[in-house]
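Novice: Line order of the protein sequences matches chains H and U.
The numbering of the first sequence is my numbering, which starts it at 1 and goes up by one.
The numbering of the second sequence is my numbering, which starts it at 1 and goes up by one.
Derived by calculation from the structure, the hints in this document are not laboratory data.
Warning: the hint list may mix true and false statements.
Which copy is meant is left open, because identical chains are indistinguishable; a pair holds if it fits in one copy or across any two.
To be verified - Calculated pairs, DSSO-like style, for lysine-lysine (alpha carbon to alpha carbon, straight line, at most 30 angstroms):
id: 1; residue 1: Lys112; residue 2: Lys44
id: 2; residue 1: Lys151; residue 2: Lys116
id: 3; residue 1: Lys62; residue 2: Lys115
id: 4; residue 1: Lys216; residue 2: Lys143
id: 5; residue 1: Lys44; residue 2: Lys65
id: 6; residue 1: Lys204; residue 2: Lys44
id: 7; residue 1: Lys162; residue 2: Lys112
id: 8; residue 1: Lys216; residue 2: Lys116
id: 9; residue 1: Lys143; residue 2: Lys44
id: 10; residue 1: Lys44; residue 2: Lys116
id: 11; residue 1: Lys115; residue 2: Lys204
id: 12; residue 1: Lys162; residue 2: Lys65
id: 13; residue 1: Lys204; residue 2: Lys216
2 protein chains.
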Amino acid sequence: MCELLGMSANVPTDICFSFSGLMKRGGATGPHKDGWGIAFYEGKGCRVFHDPFPSAQSEIAKLVKNYPIHSKNVICHIRKANRGRVCLENTHPFMRQLWGLNWCFAHNGQLKGIKKILIPTHFQPIGTTDSEHAFCWLMSQIKEQFPEPPKQETMLWLFIEKLTAQIAQLGVFNFLLSDSKSLFAHCSTKLVWIKRCSPFGRAKLVDEDIEVDFHKIQHNNDIISIIATRPLTDNEVWNVVEKGTLLVFKNGLIKYQSSSSYKDSQTNI
Amino acid sequence: MCELLGMSANVPTDICFSFSGLMKRGGATGPHKDGWGIAFYEGKGCRVFHDPFPSAQSEIAKLVKNYPIHSKNVICHIRKANRGRVCLENTHPFMRQLWGLNWCFAHNGQLKGIKKILIPTHFQPIGTTDSEHAFCWLMSQIKEQFPEPPKQETMLWLFIEKLTAQIAQLGVFNFLLSDSKSLFAHCSTKLVWIKRCSPFGRAKLVDEDIEVDFHKIQHNNDIISIIATRPLTDNEVWNVVEKGTLLVFKNGLIKYQSSSSYKDSQTNI
C-alpha cells in the first residue's frame, strides 16, 4: 500500500517538516520505495515533482526537503506498487485540467475491476494504474455534470461525494484531490489529520530525529491542517477520520464533512 | 523575448550540458529572468520542473543541471515576460493530455489579439499568457479534427503545420511542442539546430566556461539533435531554420520539414 500526505493552510506554508518524515518511509523506515511525487499549488499554478525512484535516496526529494516551497494546498504520495509497473507515468499525483484549473489526485488502495466497470470519457489515463483510471473517470463525470463550474461550490462537493461512494464500492479508496481551491480527503480504511493553530506547540517526527517548535515559525493567525495515512509525529494527537468519510478542507479548515453535519470554522476551534 | 531549448534523441540522453548554458541566460548572461521550465519525457511519462524565479540563481535549476535525467524528448524555456505577469501559472512549458499522451508546449514570441480571434474549446488556459492560449486552441483543434489519434502520424504533422500557419499570422510564433513521440519545432523568426552524431567532437558553451568531449560520453550509434533560439556553443556549426518552417524530429532525426521535401535519415547523414 502507498502513503498519502496532504496540507491545507490559510497562508502559503512550507511542508518541509512533514515531508522529511514521509520521505523516510520511501525505502528507509517504510517499504514505499516505488516512487513518489508531490504537487504544490501556488495560486492557480501547480508545481509537481515526480520521481520513480525511492524517496529516501532521491536527489529530488532532498531538494524538496531543503528548499521551502510555500503553498496553501499540497498533495504528496509515496508508492508501494501493486497495480501498474514502476515508471514515471504510474507515479502519483496525477494531474489534469478542467475549467482553467489544475486538478491533482493521489490514491492509496486498490480498485478491483475498475477498468471494466467505470469507463472515462473526456479524460484518458496515460499510465496503467487503477488510481489514474479512477481519477480520469471522476474528472470525466465532473465535466459531464458541470461543463462549466457550478455557481455554488457545495454542489461540486456533493457530486464528488457521490462519485467517491460509487468508486469506493470497488475496493480501498483513500485519496487526496485538489482543484487548487479545496483539498478533498477521503478515508476508505486509513486516514488521520491534525490542525495546527495558535497556540502552536512543538512537534517531533516519528521517522526521523527532527523536532520543530511551530511557535517560533508560524504567526498567530496561521491555520495549517495536515492529512496523512499514518501520524507523522509522536507527541501530538491526530484525529482519525471515520471510514467512508469525505472531508473538504479550505484554508486549513474543514468546510464539509460527509455523513455528519460537523463543520469547522475559525470561531469554534 | 524568451529563449527555447529542445532535444530529440534516439537514446535517453541527459541535457545537462546545453541546459547549463541556457540557464546562465536567465538573469546572468541574458535578461530572461522571469522564470523557466523544463519538460523531460521518459516513455509516456513526463517530468516538468517549473520555477517563476530567475534560472541563473534557481535552486531547482541547480538540481536539473547536476542531476542527469535521461530523456529522448526535452522542451525547455526561459522567460522574459511580455504578456502575462510573472507567476507559476504563466511559466512554460505548458502541459495538457490528449489520447492518453502528455503534450508539452513552449513559445517564444507575441501573438496579437489571439484571445479574441482564436477561441479554444476543449482545453482552457490556466494563466494569462498568449502562449498558453495558443497552445489550448491548437490542442482543441487537434481534438476536434482527430477525436482518436490518426492512423498515419503524417496526417497529424500536416494538420499541426496548417494550424501553425494560422496562428503565425498573428505575430511571432517560434515554438517547441511534443506529444511524447515527436518533437515539433517551428521557426517564425529565430531558431537554430544542430545534430550531434558519430564521429562526435568537442563542444564549448558560449555562456559558461564549460567544454565537453562528446566522443568520451556518447556511443557510436547515438544521434542527438539540439534546437535552440540562439547557438549554445561557439565552436560548432548550427543550422539556421528558415523562417516559416515547421520541423518534426523523431529519435534525433528530422522526419518532416514543411515547405520542402527534405528528410533526414540515418542513411543520408
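Novice: Does each hint hold? Answer for all of them.
Specialist: Okay, the hints, checked on the actual structure:
no.	hint	in the structure
1	Lys112 with Lys44	between (34 angstroms within a copy, 24 angstroms between copies)
2	Lys151 with Lys116	between (33 angstroms within a copy, 25 angstroms between copies)
3	Lys62 with Lys115	neither (35 angstroms within a copy, 41 angstroms between copies)
4	Lys216 with Lys143	neither (44 angstroms within a copy, 52 angstroms between copies)
5	Lys44 with Lys65	both (23 angstroms within a copy, 27 angstroms between copies)
6	Lys204 with Lys44	neither (32 angstroms within a copy, 40 angstroms between copies)
7	Lys162 with Lys112	within (19 angstroms within a copy, 44 angstroms between copies)
8	Lys216 with Lys116	neither (52 angstroms within a copy, 50 angstroms between copies)
9	Lys143 with Lys44	both (19 angstroms within a copy, 24 angstroms between copies)
10	Lys44 with Lys116	between (34 angstroms within a copy, 22 angstroms between copies)
11	Lys115 with Lys204	neither (41 angstroms within a copy, 51 angstroms between copies)
12	Lys162 with Lys65	neither (36 angstroms within a copy, 46 angstroms between copies)
13	Lys204 with Lys216	within (15 angstroms within a copy, 49 angstroms between copies)
In this structure, the earlier hints numbered 3, 4, 6, 8, 11 and 12 are contradicted, and the remaining ones agree with it.
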